[in-house]
Every structure is written in structure tokens, then in C-alpha cells.
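Put chain Y on the given structure of chain A with help from the hints.
Keeping their order, the protein sequence lines are chains A and Y. Under numbering that gives the first Met the number 0, the residue at position 200 of the first sequence is numbered 199, and the numbers go up by one with no gaps. Under numbering that gives the first Met the number 0, the residue at position 21 of the second sequence is numbered 20, and the numbers go up by one with no gaps.
It should be emphasised that the hints constitute simulated quantities derived from the structure, not laboratory data. Please note that a few of the clues may not be correct.
To be verified - Chain Y stretches covered by chain A per the calculated footprint, using a threshold of three residues with CB under 8 Å from any CB of chain A:
(1) 10–18
(2) 67–75
(3) 78–86
(4) 157–167
(5) 171–181
(6) 207–217
(7) 228–242
Claimed, not checked - Selected chain A positions facing chain Y (Cβ under 10 Å, derived; list incomplete):
(8) Asp16
(9) Leu17
(10) Ala22
(11) Phe52
(12) Val63
(13) Thr67
(14) Ile73
(15) Asp89
(16) Arg109
(17) Pro129
(18) Ala149
(19) Tyr150
(20) Ala172
(21) Val174
(22) Ser198
(23) Gln202
Please read these numbers as outputs of a predicted model, since none were measured by experiment. The C-beta atom is built at its ideal place from N, Cα and C for all residues, glycine as well.
There are 2 protein chains.
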Amino acid sequence: MNMGFVSLVGAGPGDPDLLTRKAVRALRAADLVLYDALVDRTVMRIAPRAHWFYVGKRAHRPSVRQETINALMIRAARRGKCVVRLKCGDPFVLGRGGEEALALAAAGIRFEVVPGVTTAIAAPALANIPVTHRGLASGFVLVSGHDEAAYGPVLGSIAPGSATVVVLMGLRARVDIANLLMGRGWNAATPAAVLFAASTTRQETWIGTLGALASASVPSAADRPGTIVVGDVVSVGAQLAGMTAEVQDEASIKRA
Amino acid sequence: MNMGFVSLVGAGPGDPDLLTRKAVRALRAADLVLYDALVDRTVMRIAPRAHWFYVGKRAHRPSVRQETINALMIRAARRGKCVVRLKCGDPFVLGRGGEEALALAAAGIRFEVVPGVTTAIAAPALANIPVTHRGLASGFVLVSGHDEAAYGPVLGSIAPGSATVVVLMGLRARVDIANLLMGRGWNAATPAAVLFAASTTRQETWIGTLGALASASVPSAADRPGTIVVGDVVSVGAQLAGMTAEVQDEASIKRA
Numbered sequence: 000m001n002m003g004f005v006s007l008v009g010a011g012p013g014d015p016d017l018l019t020r021k022a023v024r025a026l027r028a029a030d031l032v033l034y035d036a037l038v039d040r041t042v043m044r045i046a047p048r049a050h051w052f053y054v055g056k057r058a059h060r061p062s063v064r065q066e067t068i069n070a071l072m073i074r075a076a077r078r079g080k081c082v083v084r085l086k087c088g089d090p091f092v093l094g095r096g097g098e099e100a101l102a103l104a105a106a107g108i109r110f111e112v113v114p115g116v117t118t119a120i121a122a123p124a125l126a127n128i129p130v131t132h133r134g135l136a137s138g139f140v141l142v143s144g145h146d147e148a149a150y151g152p153v154l155g156s157i158a159p160g161s162a163t164v165v166v167l168m169g170l171r172a173r174v175d176i177a178n179l180l181m182g183r184g185w186n187a188a189t190p191a192a193v194l195f196a197a198s199t200t201r202q203e204t205w206i207g208t209l210g211a212l213a214s215a216s217v218p219s220a221a222d223r224p225g226t227i228v229v230g231d232v233v234s235v236g237a238q239l240a241g242m243t244a245e246v247q248d249e250a251s252i253k254r255a
Numbered sequence: 000m001n002m003g004f005v006s007l008v009g010a011g012p013g014d015p016d017l018l019t020r021k022a023v024r025a026l027r028a029a030d031l032v033l034y035d036a037l038v039d040r041t042v043m044r045i046a047p048r049a050h051w052f053y054v055g056k057r058a059h060r061p062s063v064r065q066e067t068i069n070a071l072m073i074r075a076a077r078r079g080k081c082v083v084r085l086k087c088g089d090p091f092v093l094g095r096g097g098e099e100a101l102a103l104a105a106a107g108i109r110f111e112v113v114p115g116v117t118t119a120i121a122a123p124a125l126a127n128i129p130v131t132h133r134g135l136a137s138g139f140v141l142v143s144g145h146d147e148a149a150y151g152p153v154l155g156s157i158a159p160g161s162a163t164v165v166v167l168m169g170l171r172a173r174v175d176i177a178n179l180l181m182g183r184g185w186n187a188a189t190p191a192a193v194l195f196a197a198s199t200t201r202q203e204t205w206i207g208t209l210g211a212l213a214s215a216s217v218p219s220a221a222d223r224p225g226t227i228v229v230g231d232v233v234s235v236g237a238q239l240a241g242m243t244a245e246v247q248d249e250a251s252i253k254r255a
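The following block holds chain A by itself, in its conformation from the complex (with noise of 0.2 Å):
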């Protein structure tokens, strides 16, 4: 019987260098990788012989459904393929992973998963933020902002300021977290970010207060994604830009 096998590979915030090598050798052995959006073109280069079939959300399209993905799995490993389901960021933060590698296991496929760098920690790393800084936050809180559901529990009831908050998927709801953070007492003041589609060449900083941040002084996101940071470890990035900004080539920083 010859059974093929699935990586649930997480491939990193955007930028290829950002793979890991375990992310690289499961590509160079597909022969089939289900991508999402987000995941960067040249990636495509590593497993040039693999066929690459496009499964991610698109603008105005509709999504290929969660049983479709998991079906197409579940059939080329029965017809021994070697699968790479490739997710942004890592396979477990936010992205269904969890579901997939319950799907391929009630199939009896076997798989792995293999973590990535995950967008939360890495696109403000990228504009020097620290998600964790001694004195400022020992820890961080990372929701997703697609629907209050989800975050409203966490960020309202969490102390303010004692951790950073980060926000993937929360553009849309920017206005609605901020004034959700500064209901349960966070200080307008208090530092946040917007970090636009981190480690690609589209790039772009925003840094202000929380209490800009639920006003129109954000750019608009375009079909760009955002991560949102607030907390005070943002003024070290701030701080880090001035700082670094002759001697280093950064990104370009806009300022509220």
C-alpha cells in the first residue's frame, strides 16, 4: 500500500527567507501544495516539479470551502502524494490547522505539522517592535479580529496593561477594539501600531496612540493585510527608529 503523506507547513509572514528548512525540504518533496493568499509567489521556486493549487480567500470570490481543502488532502495522500497544505504565518495561529490535521487523522493519513514563524511576533519584530519587553509587558495577548465574539472576552476583561495586545485580521474592526480597550481602561495614550503586510515589499508602519488608532488617522488598508499592536513596548520601536534611522534601512514609518 503505498500511502502518501501531508505537512501542515506553517510558511512564515510573507517574506521566503522567513521558511524554515523543514518548510523547504517538505516543499522539495511535493508534490502537490495547497497556498493560501499571503504566501509569497517565489516560494514556487523551491518546488518547481510540485503542482500548486491556489485554495485561499480571494476578494470578491468566493473561498474554496474547509471540506473541499481537507478532501483534496485526503485524496492525493490515498493515491500516495507527498501534500503540502502551506498556510501564512504558522498552521496553528488562527489558521484551521487544527482542523486539517483532525481530518487527515480521521482519514488514517498520516501527517506532521511543521510551525512557522507566525505573523503576530514577526511583523511587529519587523518594525522593532518587541512583543515582550522587561519593564513594559512579560507577555502578550493575540486575538483575532474577524468578530467581536471571539475578542470581545479576551480584551474585555484582560487588566489594562498588563500585556501587549495584537490583533491579526482586525483592520475592519480597528475602531470597534480600540474603543472596546479604552471601555475597560486602557489609556488613550497608551502606544499602538499598525504593521502593513509585514516583510514584503509592500511594508508600511503606523505608529500612534490607542486613542488614534479608533480614529480616521490609520491609512486605509487598501487589500493590504494588518496586524495591530498596542501596548507600551510600541515606543521602543518608535524609539528604535529614531535611533537606528541613519544608520539602518528601515521601512518607511508614518506617524499619527
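For chain Y alone, kept in the frame of chain A given last:
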């Protein structure tokens, strides 16, 4: 003027295959590597011509002071050297990477941050536990278990069950952490896991409950690092371990 360069590089959770391509490139170009405990020694083969200098903490021995590490980086860079500061996991997650970046910037040294795969996400992932999972958790909280002043305000405020809790460096404080959460209203039956030495050959997974985490049923840590995870997502890992026991080559699982 022949100015050097410093890369603050995340080494990932332990497995050298979880280094990013960018980390490998930085290591290959390095003249000097300042590395922490827990960095796998086989990583040294990537940069055999570099001088490797250990600056991590070791039990029963005084650790190298942060000021000394900063001074070593700055001195080498001023002599035109390429320096890699190789840190476990991600350099900006509880790793003092921000402090090192500030010291470098203050000294006028060019530097870059190379994000890595964080142990906080990869340790659970390698035990098939997703830190987020639709219907169970759409976010997670990461804290250091190093001292109560740091994790207390976060874990003492967050609404029970509203997010997965991940604690790094929390093995010694696990009883206090479990009691703090239960005092806040978390159910003692909430699934919990401890991931020991994730992604290394000494990897071991303990799966139990929040109540059991506060008991003596957790294996002794010995000298292994451990990652604590509390939340319903742990049940996904337990479920997958059961489903895949026959087809997967899994790390040993001990149940409380």
C-alpha cells in the same frame, strides 16, 4: 570605516530544522556567534568557522550579565565583525531582544532582527495542540511564569476560558499558576498540558487537567524546559494522539 553588523536571530524551539533560511544565512556569514542555553549544538555545524561563545544561563553557575553580552556584541561589531546573537525561540518573545536592540542602536551599530519560530506556539504544535481552534479558542495569552508580578495581573484578570493560556518558564510556578486560574473561575477540569523539551530528542508530553497541574502528577522537570498550555485546545492534541497512535510516529504521551 569597516563597521560590523549584528543579527539578533531566533533559533526556534530546538530542532535545527526549525531555523529559518535567513537564520542559516546569518550564521554562515558570522564571525562570532553569542548563543544561549537550549540552542542545539548541531547548529554549530552551520557556522564552523565562526567563534562560538556561550552566554546563556547554566544551573549553579552565574549567568553572563546582559551588559556583558551587549558589550561583546558592540566591541565585535566595531572591529568590523559579523555577529549573530542566537536566541532560543524568537528573539522578541521573553528574550531581551529589545534590550539588545536598544543597546546596539545607542552604540550606533547596524543590526537586524531575524524572527524565529517561538516555542510558545511550536511546543504545543509538535504535540498536535493548536493554540487556537475554531469553536474552542480564537486567541491565546502568553506569559512568563518567571515571577508572579509578571503573570499575575494577566492571568488574574482574563475571563475564564476566553483564550488559551501558554506559560513559558512556568514549571516551578505551575501550582501557583493553576491555583490563580482556578481562583479566577477557571474550571479545574479544563484540559492542560506540559510540553517538555519540545522538538528535541528529550521531548515528552504530559496531558491532564488544570486541577492536576496543581497536583504532584506532573513529571519532575529535571533540567528540561517546559511549556504549559491550559485550555480546551489541549483536547484536540489528546484526540489526535488517540486517533493517530497507529499511523503516526509520535513522541511519548503520558496521561495524568
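For each hint, the structure was consulted:
As drawn, the stretch 10–18 of chain Y meets chain A at 7 residues by the rule of a beta-carbon pair under 8 Å; at three or more, the given contact holds. With 0 residues bearing a CB less than 8 Å from a CB of chain A, the stretch 67–75 of chain Y misses the requirement of three and the coverage assertion fails. Only residues whose beta carbon comes within less than 8 Å of a beta carbon in chain A count, and the stretch 78–86 of chain Y has 0; fewer than three means the coverage is violated. Residues of the stretch 157–167 of chain Y lying with their CB closer than 8 Å to a CB of chain A number 4, which satisfies the three-residue condition for coverage.
Only when three residues or more bring their CB closer than 8 Å to a CB of chain A does the claim for the stretch 171–181 of chain Y stand; here the count is 0, and the claim is violated. Check result for the stretch 207–217 of chain Y against chain A: violated, 0 residues qualifying (beta carbon to beta carbon below 8 Å, three or more required). Judged by the Cβ-Cβ criterion of 8 Å, the stretch 228–242 of chain Y is covered by chain A as claimed, because 5 of its residues qualify and three suffice. Against a cut-off of 10 Å between C-beta atoms, the interface hint on aspartate 16 of chain A holds, since the closest Cβ of chain Y lies about 4 Å away.
The interface hint given for leucine 17 of chain A is met, as the beta carbon of that residue sits about 5 Å from the closest beta carbon of chain Y, less than 10 Å. With a cut of 10 Å, the hint placing alanine 22 of chain A at the interface with chain Y holds, because the nearest CB-to-CB distance is about 9 Å. Nearest Cβ of chain Y to the Cβ of phenylalanine 52 of chain A: about 23 Å, over the 10 Å cut. The hint is violated. About 16 Å separates the beta-carbon of valine 63 of chain A from the nearest beta-carbon of chain Y, more than 10 Å, and the hint is not met.
At its closest, the beta carbon of threonine 67 of chain A sits 16 Å from a beta carbon of chain Y; the interface hint therefore is violated under the 10 Å criterion. With 10 Å as the threshold, the beta carbon of isoleucine 73 of chain A stays out of range of chain Y, its nearest partner Cβ sitting at about 13 Å, so the hint is violated. The beta carbon of aspartate 89 of chain A comes within 5 Å of a beta carbon in chain Y, closer than 10 Å, and the hint placing it at the interface holds. A hinted interface residue such as arginine 109 of chain A counts as satisfied when its beta carbon comes closer than 10 Å to some beta carbon of chain Y; here the least separation is about 5 Å, so the hint holds.
At a threshold of 10 Å, the smallest CB-CB gap from proline 129 of chain A to chain Y is about 4 Å, leaving the interface hint in force. About 4 Å separates the beta-carbon of alanine 149 of chain A from the nearest beta-carbon of chain Y, less than 10 Å, and the hint is met. Because the closest C-beta pair between tyrosine 150 of chain A and chain Y is about 7 Å apart, less than 10 Å, the hint holds. About 13 Å separates the beta-carbon of alanine 172 of chain A from the nearest beta-carbon of chain Y, more than 10 Å, and the hint is not met.
The restraint placing valine 174 of chain A at the interface with chain Y is violated, with a minimum CB-CB distance near 19 Å, outside the 10 Å limit. Proximity of serine 198 of chain A to chain Y holds as hinted, the smallest CB-CB distance being about 8 Å (cut-off 10 Å). Proximity of glutamine 202 of chain A to chain Y is violated relative to the hint, the smallest CB-CB distance being about 13 Å (cut-off 10 Å).
When held up to the earlier numbered hints, the structure conflicts with 2, 3, 5, 6, 11, 12, 13, 14, 20, 21 and 23 and fits the remainder.
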